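Undergrad: Next come the chains, spelled out residue by residue.
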Amino acid sequence: MAECRGLGHSVQRKEDARFIRGQGRYIDDVKLPGMLYLDIARSPYAHAKITKIHEDTAMAVDGVAAVITGKTLEGFKLAWMPTLMSDQQMVLPVDTVKYQAQEVAAIVATSRYAAADGAAALEVDYDPLPVVVDPHEALKPGATKVRDDKESNHIFHWEHGDADGTDAALAGCDTVVEQHMHLPRIHVASIETCGCVASWNPVEGHLTLYLTTQAPHAIRTVVALVTAHLGLAEHKIRVISPDIGGGFGGKVPVYPGYVLATAASVVTGKPVKWIEDRSENLQADSFARDYHITAKLGSKDGKVTALKLDTVADHGYSDAAANPSKFPAGLYHIATGSYDLENAHVSVDGVYTNKPPGGIAYRCSFRVTEAVHAIERMVDLLARENGEDPADFRLRNFIKPEQFPYQSALGWEYDSGNYGAALEKAMDMIGYRELRAEQAEKRARGELMGVGISSFTEIVGAGPSKTFDILGIKMFDSAEIRIHPTGKAIARFGTKSQGQGHETTYAQIIAEELGIPPEDIQVEEGDTDTAPYGLGTYASRSTPTAGAAASIASRKIRDKARKIAAHLLEADEADLVWEQGKFHVKGSPDRAKTIQDIAFAAYTNHPQGMEAGLEAISYYDPPNLTFPFGSYICCVDIDRGTGQVRIRRFVAVDDCGVRINPMIVDGQIHGGLTMGIAPALLEEISYDADGNITGGNFMEYLVPTAMETPHWELGETVTPSPHHPIGAKGVGESATVGAPPAVVNAVVDALWHLGVRHMEIPMTPARVWDVLNEHGAAATR
Amino acid sequence: MSSHQISVTINGEEHTREVEARLLLVHFIREEVGLTGTHIGCDTTSCGACTVLLNGVPAKSCTVFAVAADGAEVTTVEGLGNGGLHPVQQGFTEKHGLQCGFCTPGMMLTSKALLEENPDPSEEEIRWGISGNLCRCTGYVNIVKAVQRASELMKENSDG
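Chain order of the listed sequences is A and B. Here the first sequence is numbered in numbering that gives the first Met the number 0, starting from 0 and rising by one per residue. Here the second sequence is numbered in numbering that gives the first Met the number 0, starting from 0 and rising by one per residue.
The following block holds chain A by itself, in its conformation from the complex (with noise of 0.2 Å):
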């Protein structure tokens, strides 16, 4: 029998045969017969009336077919669409924008070049109006209101945690440090932008949906629901996810172009195909981050007693946000991080502005990176104001091995952890002590070296139903496994790959259950017509929830593989004896038979009174979420004549449990490593007063190439999770979640001899030398 490599081995991805010779096929490579193309005009203003829209300008542009508008829409019910947090947003206006870019028509064509000509020859006529892009103007009495239909720009208050306990503990602290800080916009800027193909049939009443879309099966119910009115049905949509290239929770939202895609294939008879350009993309797609921190950390004797944390969250003009629906502020509540403090007390207010909207993820789950920054910045400049060094504060303030499972002081319930171990190991790997002893040199001398630290926790794989629930469907997540009669496999799931590797790794930890190699079991996702229900692939949710519903799945295979094996070796059930990839007889290894020969059987020979085939399904609810943490150190230089600063080194040790693909677990991290300084050193995007964007191309928002990036230096401990079968937790977002504050409590630690105590991100050499002159420090000339 061929060896079954399941999990811990790096099997080489069973992808990447397509993709290496060009063969993946992505949205935009989805050609079908007599395919129309849209295109969107979009708004030069922030906030403005449309007083008319001179539609025959663009239809008298060669080749365009039809012209979509606010008012067509009206007429279909369809010109607002609501969103997963209860509030809605325009697919397209019926009489005022919003923001910079906003959809305001789509010119569907008979070529893309033509879409693109006709919505460059449209004219719109606008009154602009007032701008609000600062979300404190935008709480201010007499504000300009952004939304017509709202009492006001306050979205919503969100708080969790006890208030009065977490004030009375900061008045009994003897150290309190308090810090503002800003996490701005960003977009994820996946390489692949975002698109689709509608094709709509209306002889049969049958729409497919070609999309990029991270949640495809969640997709084809919020189209059913939505269009309910309109005589479309659940059983008539079909949502086809083909290979998308790179996600990072950028392809959760329901963008307008998807809409008005499915609107125009439907007035046309015709498919539709839309893609998004970078500059759309950048300018117009759901935003991550932008909030506005003020956040409070307390100590008595050296030990973290208080945390409290007050937020205005950006939202742009609708709070289209992708959370689980019972959290406003997502998972921001894990704010306590990797430390046991007894009170703590979070408040989050959400604002609407004129931007587009916001509240999505970059590579993280739910509000998580946002958490982490905040305690982990806060822990540093605590430690410092005890006059004790960053590494050991964590140490003496950490939560202990022994305290798992740990009940937070904000309602968490910690499946695992060993923080100190990862710390230490970091430690050895960079050289903790050694930097430290050449930093104290280099001051001296006047050169500026930094190192920074941080241990973050975090809270993946959404969610147990009793609390977790988008639209009102639990966040479960599925794998259907068929074995056919040769002992080869078809496994499906309700996820998305978006390049971490699934049809690889789920098919090794189905190799593990159940012995079959990975070559031998054909995975797939993304297509609704086939793969069983779920919730999709966000959130670092695949591994904790669909990759246990492959184990239990593969679980109840086995139990019916038992009582086959029983059979065709004449023996008791009770007398087998499972090793992986068969059943022997207790005591008699060679009365076995393989998964493979059960397999067959299945089929040709089984017992009298059982049904035929070898199948199973699960619908795997998690009993708790997953927490993986890890220990990431910094090492930086800067520059004083420029501002720049340099990454040396970057030490990352990871605990994610148990690793099922070491090779794709080390790739995760890497990636997510460089979408973690990304924001702390180059990526923002910001608004003038008059709400115009900056940074809406790639060559303003500056996403970090291969010499921005260091030669990342991995390391790892395992404390698995006790509650998921295999004791995995999830690794996807873990490095972009904890790097950011490294890098910052590198650039503060290089600059604290000199009075700096906290830095804003991104850390920009203009940002950088600003701060050096301010203080004395700039090389001059």
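Source of the hints: derived by calculation from the structure; they are not laboratory data. In this text, all values refer to a predicted model and were calculated from it rather than measured experimentally. Treat the hints with care, since some could be wrong.
Stated by the list, open to error - Derived DSSO-like pairs: lysine-lysine, alpha-carbon spacing no greater than 30 Å straight-line:
#	chain 1	residue 1	chain 2	residue 2
1	A	K48	A	K70
2	B	K154	A	K13
3	A	K465	A	K487
4	A	K325	A	K473
5	B	K144	A	K13
6	A	K76	A	K48
7	A	K325	A	K76
8	A	K424	B	K144
9	A	K51	A	K76
Once you have looked at the hints, place chain B on chain A.
TA: Chain B in isolation, oriented as in the chain A frame:
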């Protein structure tokens, strides 16, 4: 809009078409010839997903008019292996140099040209060489290793 008859040799096969003067080479390759391995990731010549070899030199095909490639030899990812796998393709697979696969064709073609010019590049030279190609998934470490592996394989091949 004026149109022109052009002939472009892609992966050894000549393609003659009547095209608009403004047609981009990347659209010629993807839409006219139907080779969809060359991807589009931006509109500012920044990301390199559309990189092909134009007369052997890496070019971002979103910023070349098809008419400017009249008479040229173009290599796309589909022409990289020539039946089997090119060492660069082998290196990317072995070293996990790709995740979502979207930047991969452009990244591999840039790497091929780099190795032809400099068969034994240092890590720094590789990083500089691929810095016109953005990858959002891998953090580049394994891409560097993939190029190093391809360099080894190419040397083995030429020794053999």
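Undergrad: Against this structure, judge whether each hint is valid.
TA: Hints, one by one, checked against the model:
no.: 1; hint: A:K48 <-> A:K70; verdict: holds (14 Å)
no.: 2; hint: B:K154 <-> A:K13; verdict: holds (27 Å)
no.: 3; hint: A:K465 <-> A:K487; verdict: violated (37 Å)
no.: 4; hint: A:K325 <-> A:K473; verdict: holds (12 Å)
no.: 5; hint: B:K144 <-> A:K13; verdict: holds (19 Å)
no.: 6; hint: A:K76 <-> A:K48; verdict: holds (20 Å)
no.: 7; hint: A:K325 <-> A:K76; verdict: holds (27 Å)
no.: 8; hint: A:K424 <-> B:K144; verdict: holds (25 Å)
no.: 9; hint: A:K51 <-> A:K76; verdict: holds (20 Å)
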